[in-house]
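Build the full structure now, drawing on both the sequences and the hints.
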Amino acid sequence: MSDNGCGFPSPGLHSFLFKPIFTVGGFEFNKVMLLALLTTLVVITFFYAAFGKAKVVPGKLQMIGEAGYDFVRRGIVYETMGKKEGEKYVPLMVSMFFFIWIMNIWSVIPLTQFPVSSIFAYPVVLAAIVYFIWVPLTFKRHGFVGGWKNITGYDNSLGPIKWLVSFIEFFSNLLVRPFTHSVRLFANMFAGHLMLVMFTVASWYLLNSWMIPAAGVSFVMTIAMILFELFVQAVQAYVFVLLSATYIQGALAEHH
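In this text, residue positions in the sequence shown follow the working numbering: the first is 1, and each later residue adds one.
Any given hint could turn out to be false.
[Stated by the list, open to error] Only pairs whose alpha carbons sit at most 30 Å apart, straight line, appear in this in silico DSSO-like list of lysine-lysine:
hint	residue 1	residue 2
1	19	31
2	31	84
3	140	162
4	88	53
5	88	140
6	83	140
7	84	53
8	88	55
9	83	55
10	162	149
11	53	83
12	55	19
13	83	19
14	149	88
15	84	19
16	60	88
Derived by calculation from the structure, the hints in this document are not laboratory data.
Here you go:
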């Protein structure tokens with residue numbers, strides 16, 4: 001029985017908490033960590049199977065791998081950073097895209113049914129990786145003074161407001177950017193999972209009551225939400241990697 005007295009087990013923050021599978025020396029290994037580990041194994045296994053013994057005339061698996069690799073390379077990296085500057089970052093962006101996508105997809109897989117990226121720590125770590133690439137890269141490419149100009153947007157032609165603009169850009173780029181980069185992925189997956197849980201639980205709850213027709217409506221909404229989530233999961237992986245490539249491109253760009 002739920003706290004509201006109606007018997008409906010409403011989803012909430014408890015839907016994102018899991019008991020540890022095992023504990024070693026105070027370290028708790030739970031379902032989310034297991035899914036993150038499985039995500040890594042899935043991505044590595046897939047690309048090894050696709051390209052481990054690559055052929056001139058590709059098989060079906062290699063064709064799928066090449067299509068996915070090419071989508072990120074040409075559709076994101078080359079479009080954002082250009083071929084010359086972007087080529088060295090293609091492996092990182094491809095790995096990140098598929099890692100995030102698979103983390104998201106777990107939410108619609110039977111038995112797992114949980115998106116790893118709805119736990120804030122995982123998007124934060126991924127955003128931090130990008131952050132600690134583009135910030136040092138900015139100073140490496142432009143030098144100490146030029147790096148700060150790139151980050152703050154310092155421009156003498158702005159006159160008296162140049163300091164205000166520089167402060168806003170500094171605050172936005174170094175403090176707000178990594179937060180929004182991570183929270184965008186987290187918030188979408190968190191909200192999506194909450195909606196899926198709500199409609200799924202509601203379907204079972206209504207099915208065991210006199211409101212069976214309403215259970216049918218709820219079930220249809222659950223299917224619709226699953227299909228919508230499949231779309232959102234891919235879009236969020238795309239957006240995260242696109243922003244990552246954009247930030248790195250900004251670090252490489254000449255300041256005017």
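Hinted pair residue 55 and residue 19, Cα distance within 30 Å: violated, 45 Å
Hint consistency between residue 83 and residue 140 [alpha-carbon to alpha-carbon, up to 30 Å]: OK: residue 83 and residue 140 at ~20 Å, within 30 Å.
Pair hint residue 19 and residue 31, alpha-carbon separation not exceeding 30 Å: holds, 8 Å
Restraint status (C-alpha distance of residue 31 to residue 84 at most 30 Å): violated, 41 Å
Restraint check for residue 88 with residue 53, where alpha carbons must lie at most 30 Å apart: Holds, because 22 Å separates the two Cα atoms, which is no more than 30 Å.
Pairwise hint evaluation, residue 88 against residue 149, where the allowed Cα distance is 30 Å at most: It holds: about 25 Å lies between the C-alpha atoms, which stays within 30 Å.
Straight-line alpha-carbon gap residue 88 to residue 140, limit 30 Å: Since the Cα atoms of residue 88 and residue 140 sit roughly 16 Å apart, the hinted pair holds (cutoff 30 Å).
Pair hint residue 60 and residue 88, alpha-carbon separation not exceeding 30 Å: Holds, at about 27 Å.
Satisfaction of hint between residue 55 and residue 88, Cα-Cα up to 30 Å: holds, 23 Å
Restraint check for residue 53 with residue 83, where alpha carbons must lie at most 30 Å apart: The given pair, whose Cα atoms are some 26 Å apart, holds under the 30 Å limit.
Hinted pair residue 84 and residue 53, Cα distance within 30 Å: With Cα atoms ~27 Å apart, residue 84 and residue 53 stay inside 30 Å; holds.
30 Å limit on alpha-carbon distance, applied to hinted pair residue 83 and residue 55: Holds, because 24 Å separates the two Cα atoms, which is no more than 30 Å.
The structure fails hints 2, 12, 13 and 15 (numbered hints given earlier, in ascending order).
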